[in-house]
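A.B. asks: With the sequences and hints as input, model every part of the structure.
Protein chains: 2
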Amino acid sequence: MTTVRVTCCQLSPRIGDLAGNVERSAAAVRTAVARGADVVVLPELVTSGYVFESVDEVTGLAITSAHAVFERWSSAAAQSRGSGSVVIGGFCERGDAGVLYNSAAVVDASGVRAVYRKTHLWDREKLWFRAGDTLPPVVDTVVGRIGVAICYDLEFPELTRHLALAGADLVAVPTNWPLVARPAGERPPEVVIAMAAARINRMAVACCDRAGTERGQEWTSASTIVSVEGWPVATSSPDQMATADLDLAAGRDKRLTDLADAFGDRRVDLYASTVGRVDG
Amino acid sequence: MTTVRVTCCQLSPRIGDLAGNVERSAAAVRTAVARGADVVVLPELVTSGYVFESVDEVTGLAITSAHAVFERWSSAAAQSRGSGSVVIGGFCERGDAGVLYNSAAVVDASGVRAVYRKTHLWDREKLWFRAGDTLPPVVDTVVGRIGVAICYDLEFPELTRHLALAGADLVAVPTNWPLVARPAGERPPEVVIAMAAARINRMAVACCDRAGTERGQEWTSASTIVSVEGWPVATSSPDQMATADLDLAAGRDKRLTDLADAFGDRRVDLYASTVGRVDG
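Protein chains in written order, with the numbering used here: chain A, 2 to 281; chain B, 2 to 281.
Worth flagging that the hints you see were computed from the coordinates, not collected in a lab.
No experiment lies behind these values; they were computed from the predicted model shown.
The hints are all genuine.
Same chains, same label: a pair holds when it works inside one copy or across any pair of copies.
Capping the alpha-carbon separation at 16 Å, the derived lysine to aspartate or glutamate pairs in EDC-like fashion look like this:
| # | residue 1 | residue 2 |
| --- | --- | --- |
| 1 | 127 | 259 |
| 2 | 127 | 57 |
| 3 | 127 | 262 |
| 4 | 255 | 266 |
| 5 | 127 | 266 |
C.D. replies: See the structure below:
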């Protein structure tokens with residue numbers, strides 16, 4: 002594994018326009034792959050849009066992992082001039098018995114490699130979706146081991162630590178960040194959290210936000226790629242791509258000095274009794 | 002509980018000068034309390050210095066929690082014009098059978114309230130100290146519930162989450178941050194980690210770094226106080242105090258929206274099987 006080129010495609014999905022969102026996302030993946038991307042990250046719910054008004058609307062936009070959009074992403078990934086590209090994108094999923102999930106797919110030239118159902122639902126997502134019942138996977142791909150998280154998931158260090166311990170070189174984070182207040186000159190708080198998760202775990206993090214406004218909701222539009230040392234190495238303006246070449250291999254060595262190790266120094270003997278604790 | 006004034010006294014302890022370090026630390030606490038500090042945080046190992054050359058040197062500087070320095074801090078805390086002040090400072094501890102620890106004491110007008118022995122030893126600290134066998138306490142004081150962490154501890158989200166779940170309003174972090182490389186314009190990585198821990202847990206964090214150089218070791222000298230929203234509200238230059246007035250009560254409400262809650266949204270059902278996992 003050498004340098005891996007990661008691109009976040011900060012699109013503006015249109016609520017309700019499934020066919021158009023499929024086209025726009027596939028076109029973005031094609032462009033990114035043509036520019037050498039080994040990993041392409043798309044926003045959360047890129048097929049459907051985000052600000053739903055009813056369960057019926059969500060149901061009408063939900064798709065299964067057999068939908069044609071994944072074949073489109075897969076075909077685009079197959080055009081890689083390298084060893085193959087990998088696409089991670091969010092979608093509105095219809096599962097068994099019509100249950101709805103806020104999901105992300107990991108797709109490569111061979112097709113859908115994994116589907117993850119968001120385990121930490123944000124705010125009104127709880128009105129539409131069922132939370133997933135499994136922590137996210139780490140998928141071993143030709144370009145490295147890719148973990149997945151969706152938006153609010155990132156704010157739970159239990160989840161990012163899980164991905165790191167499961168061997169993730171990179172966490173791909175499809176996201177829709179609602180714009181929140183922050184002091185002048187500060188990065189969005191979600192980016193600070195991504196930086197800390199990367200630094201602590203020596204694991205790159207690529208957050209693909211969305212652009213535009215939707216039914217009055219303003220988005221942060223701050224896609225950011227963070228290195229294994231925890232520094233932002235690419236950010237994007239609205240409707241732009243953010244691209245960075247990452248040395249993911251460096252993150253596999255968790256040593257910080259000859260006598261310090263980010264994983265080896267964990268006090269698993271002490272955590273066991275407390276971290277699973279149920280609080281009110 | 003109303004606004005709480007927190008002061009970090011970024012001192013320059015002198016290696017080997019126990020008597021002088023006692024005087025300097027007590028004087029700093031007196032000054033901070035005179036300026037209205039409800040909580041005073043001192044650096045890690047403020048009684049001894051940090052860059053040791055041998056176990057014998059550490060042994061010669063180690064003190065018990067009955068040492069006069071704590072009476073000095075306690076007397077200074079008793080001068081508070083408010084309801085009473087609390088001091089958290091690092092010291093080189095001699096425990097039972099002469100075992101050495103990198104510890105921190107929580108002291109108020111009544112004396113030593115708690116001693117915490119650092120559980121995550123950094124680098125060469127492993128040559129001198131035994132790691133503590135208990136996660137840090139949260140001490141219920143007249144000014145709020147104060148959790149303790151020492152330097153490298155902060156880089157383990159298991160520990161900061163533990164403190165948050167145990168009810169900490171504020172984490173006091175005596176620290177000695179060795180200067181590390183960072184991109185121009187960036188904060189020290191430890192500060193980014195403190196910001197994320199604060200934001201994720203809605204819990205203030207006050208890191209008291211040290212100043213000066215010691216046996217060739219340069220320190221970051223970047224004491225920082227972070228609000229419950231995760232923003233730095235005070236930082237200090239070398240040999241200065243950093244002071245902030247914090248609304249700690251705000252952090253007791255973990256709701257982020259009517260339908261989102263930083264603690265309530267944790268998926269304890271999923272973490273239990275993974276976070277205690279032992280990895281190589």
